[in-house]
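The hints should help you fit chain U onto chain H, whose structure is shown.
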Amino acid sequence: MLGEQKHVSSGTLQNSFDRRSVVIGGLQASVGILLAVRQGWIGLVQNEKYKMASESNRVNLTLIPPRRGAILDRNNAPIATNRADLRIDLVPERLVDKERTIAELGELLSLDEVALQDLRDKLDKARGFQSVEAASGLRDDVYNRVLVRLPDMPGVVAHLGYSRWYPTGPSVAHLVGYVGPASAKDYEKEKNPLLITPGFKIGKDGLEKHFEATLRGVPGARRAEVTANGKVVRDLDMRDEIPGKPLKLTINAPLQDYAARRIGLESAAVVVMDCQNGQILALTSMPAFDPNEFVGGIGRLQWKMLNEDDHIPLLNKALRGLYPPGSTMKPMASLALLTHGVDPDERVSCPGGYRLGNRFFRCDAVHGSVDMRTAIEKSCNTYFWAMAHRVGYDAIAPVAKQLGLGQEFDLPGTAQRYGTIPDAAWKMRRYKQEWSAADSLNASIGQGYVSVSPLQLAVMTSRIASGRNVQPSLIFGQDKPLGPALPFTPEQLAVAHDGMFRVVNGSGTAGASRLPLDGIQMAGKTGTAQVRALVARGHFGDWKSRDHSLFVCYAPADAPRYAISVVVEHGTFGARAAAPIARDVMTFLFDPAKAMATLIELEKTWGGTPTERMNAKYRAFVSRYGTSAPRVGDDEAVAKTMDAAENTQPPSDGASNETGPTRPEEPPAQAAPEAEPAPTPSPAAPTGAPPAPGAAP
Amino acid sequence: MSRRIVPEAIAREPWHVILPLFALNTFGSVVLHSAAGGHMQPWALLHEIHFAVFLVMALIISRLPRELFRRLAFPGYIVLVVLLLIVEVAGKVSGGSQRWLNLGFMQLQPSELMKPGIILILAHFYDNLPPTMTRHWRSLVSAGALVGVPALLVMLQPDLGTGLAICAGAAVVIFLAGPPLWWFISAGAAAAAIAPIAFFTLLHDYQRKRVLTFLDPESDPLGTGYHITQSKIAIGSGGFFGKGFGNGSQSHLDYLPEAHTDFAFATMAEEWGLLGGLFVLAVFMWLFRWGLQVARRAPDRFSMLLAAGMTFTIFFYMAINMMMVMGLAPVVGIPLPFISHGGSALMTNMICVGVIMAVDRWSKRGSSLGL
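Which chain is which? The protein sequence lines are H and U, in order.
Residue numbering for the first sequence follows the numbering used here, starting at 1 and increasing by one per position.
Residue numbering for the second sequence follows the numbering used here, starting at 1 and increasing by one per position.
Isolated chain H, as found in the complex (with noise of 0.2 Å):
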């Protein structure tokens, strides 16, 4: 057959037909046991494998994220807490169609403009992994409108959760800082998925930051059935987070609220401090910003406002600002020239100035023959230049420096500058220059190259007034040990407390500002900080190159417990801005109820609390920009605008030290009688709080 190729017949392709339909179902066969075979392997050897990966498919696991530790004040008030929340979340990754769930979710949750706008820079930010808040703290009804709407909209996410909640809002916004989404960066160092689930926030600032560890918890975890589209089909089980722990501060967290209320329309810094250990009891800086704003992440209007308004709101001032403390230094130096044996009851002559060599350096008044005391008392600069050129500027920096001046304090959570204060070495380091008996003239009454916060000022006044080397600490149960001693015999602290006694309860520059308490006396000193090298005075002009206002005092005079430092910026004289606002949180750690009968009088002619104010603020930046703002930056960009808030603090060093200090402490003509600081214009007030009572929404 096979030879026989030429010819072909029906015959030789019956038999070529017979082979090669064997070869077609041997074939086959082989198909069918190659198909067996491979079943085999997949389902049999490999059957682990794909098991686990349908079982992966098959069961989702959802974290839960924890409540974070609430933070508490000494009493175990909330600072910062959580409340139950209903809110709608975006998860970009899901979302099939941008524009139309986004126009949808804004009727159902009637979003305006501005907050859709807000809504799309969010979701523009977010990696796809990431979800975005779309609304929180919802009511019922439009929760449940959303709801229903859900099978509709792809990437919408409702939760029933805890956010975070801070009662008194921007009272504590320095104190405690905020929390937010984590950020792609955050995710990229703490590979954590549940940084990723929807609702968790991590702490961005200050103590919400630094105390993450404690205050995250661990969080619950929920098994369930899903869809390949991400549809429940039944829960399988579940496992209870563990709430973050609690954090306690030293803090009054009433006392808190109401110096920053008390604080109004000024910029400005309180730091209450218990002198006997060293408790902060209230760290202000106002105005701030709202945290509550800051946990579903900051719209392009609030971000304006923030960085818009001169009074600097993304600024700790209590422990980021830094000013010339002027003659709120005059206690210290006094205890300083007592400590190198000037005799407190020597008396110097003040004929209304100092000559030093061919320069005449102008004090505030004629004070005629004053003692240490009357010189506190008064705030004499003459009799300070003259023992501080007798004693020599460099027995001065050392006392200042253990009174807590220039000094930075182990405070978790916390970023403090230090300030300056200068000496020799310092200026030859910092300027190439040599120390000149000016510079000592100028730093003696707390001018020139001094700067310092108002955490410090607390401190020194803590110090001063209990004798006692105390040590600022704000967790509560912390205490910190004291420092060594301090090196002043009783008999040289009486002196500094007797004058401190007559500033206020004597004929001193702060006679407006005593306690209106029974029995319960305060000692303090006014201060009044020059900005700018001016010729003229001060106290008017411009906000921005009006003087600095100071006060520090502590009560009660004869049994010192709690020191108070207040810095107003631009607030003018010290008796007039500063002092005030301390006989008022004073007055509240003694009798809350007649401290609040004045701040609520006060806060009728200011349009409300700072929470009433920033709401109509930002209706009014609303109707005035709408969506016009440029869109906010992420994490690193918001951190970078709060470190330069720092750097728009006007130089206070080196500027002023040729007119000379001439910073009086109180207004000409004893005009400051009646001491209420009179809601000075500032540029930023018109937008914010037109004085119409009764518009809190």
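Everything labelled a hint here was simulated from the structure, so no lab data went into it.
Careful: at least some of the hints might be erroneous.
As the list claims (entries may be wrong) - One side of the interface only, derived from the structure: several residues of chain H facing chain U at Cβ under 10 Å: (1) T12; (2) V23; (3) I24; (4) Q28; (5) G43; (6) L44; (7) N47; (8) R58; (9) T62; (10) T81; (11) N82; (12) S136; (13) L138; (14) A228.
Unchecked claim - Residues from chain H shown here face chain U by an in silico Cβ test under 10 Å; the list is partial: (15) Q14; (16) V31; (17) K51; (18) A221; (19) E225; (20) K231.
From a predicted model like this one, the values you see are computed outputs, not experimental measurements.
Glycine residues also receive a C-beta, built at the ideal position from the N, C-alpha and C atoms.
Coordinates of chain U only, in the frame set by chain H:
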């Protein structure tokens, strides 16, 4: 024995094939019932009805005389080519690919009918070819033209799967018709050489992607590789006994795409395991063995080629589909006969079965008549 109870006409039907096919199709219904989340609607019931209707059709075909097949082979082929042309033109007009013609009462997919059609015309062609011409190159040109025109039209649609099925069926008929073996060997070698060029020039982007994905499904587990990966997970997680009827999470939770059509085997394997797979394979192998036996026993060259070609057409469906779901072939839209839901594919397969049954009948009659 049974002849006394059952009428002769019914007893003569090849029940040893019809009953396993019915069992296989019913098993398909069970799978579709589960794929529909435990409901007869919309697939399982229709699947059985389709089978019943097409079985009747197959039985009618099996009774048609050989002469009718011969006479209809060429006109039928012409009609199908014209229909393919109409589909092509209609597709161009409506802008996009179109595979079916809307006849008002049903949607006719000419390319499906072309699968048995090409077998019929080639069997007829080689039957009429003088045996000496079989090994002449001119015979191959004619056969090549007969295959090439419809295959090209179908691939233009573009429907690569059906086009390949037509070519494969045709190649087997030509192979069995007896041309020199070296033609096939050199054609195979040429195809192997041309394939890479065709891959980069002739294939559409989505087709090229499918092939690449097949070669490395894990490269894009959420994109095009998703189908293969999920299908393998479904089959692999089924193990030996499967997860049990109605317990297939891959299909029920929508992870498995096309769970009721192209990937119906994966749906089945997840719930019935290797056991179910072996049952499906066994029925198919039984069917193919019967088909080839019928071809070998066939009374003449036309019937032989016809039966063998029809058998191979069904085989091609099964082989490509099952290799695809197990990750041995790229994703091509070819359903698994008797298991996957879909009327037109079932119709094609039942036409093939019917033709094989007809050949079986001819050979029996032929032998009984002593021819």
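Here's how the hints hold up against the structure:
1. T12: Holds - the Cβ of H/T12 comes within 10 Å of chain U, reaching about 7 Å at its closest.
2. V23: At about 8 Å, which falls below the 10 Å cut-off, the nearest Cβ of chain U leaves the hint on H/V23 intact, so it holds.
3. I24: holds, 6 Å
4. Q28: holds, 5 Å
5. G43: holds, 5 Å
6. L44: holds, 6 Å
7. N47: holds, 5 Å
8. R58: Holds: closest Cβ of chain U sits about 4 Å from H/R58, inside 10 Å.
9. T62: Violated, about 16 Å.
10. T81: violated, 39 Å
11. N82: violated, 34 Å
12. S136: This interface hint is violated because 31 Å lies over the 10 Å limit.
13. L138: violated, 30 Å
14. A228: Holds, because the Cβ-Cβ distance from H/A228 to chain U comes to roughly 4 Å (cut-off 10 Å).
15. Q14: holds, 8 Å
16. V31: holds, 5 Å
17. K51: For H/K51, the interface hint holds, since the closest Cβ of chain U sits about 5 Å away, which is under 10 Å.
18. A221: violated, 20 Å
19. E225: H/E225 check passes; min Cβ-Cβ to chain U is 7 Å, inside 10 Å.
20. K231: holds, 9 Å
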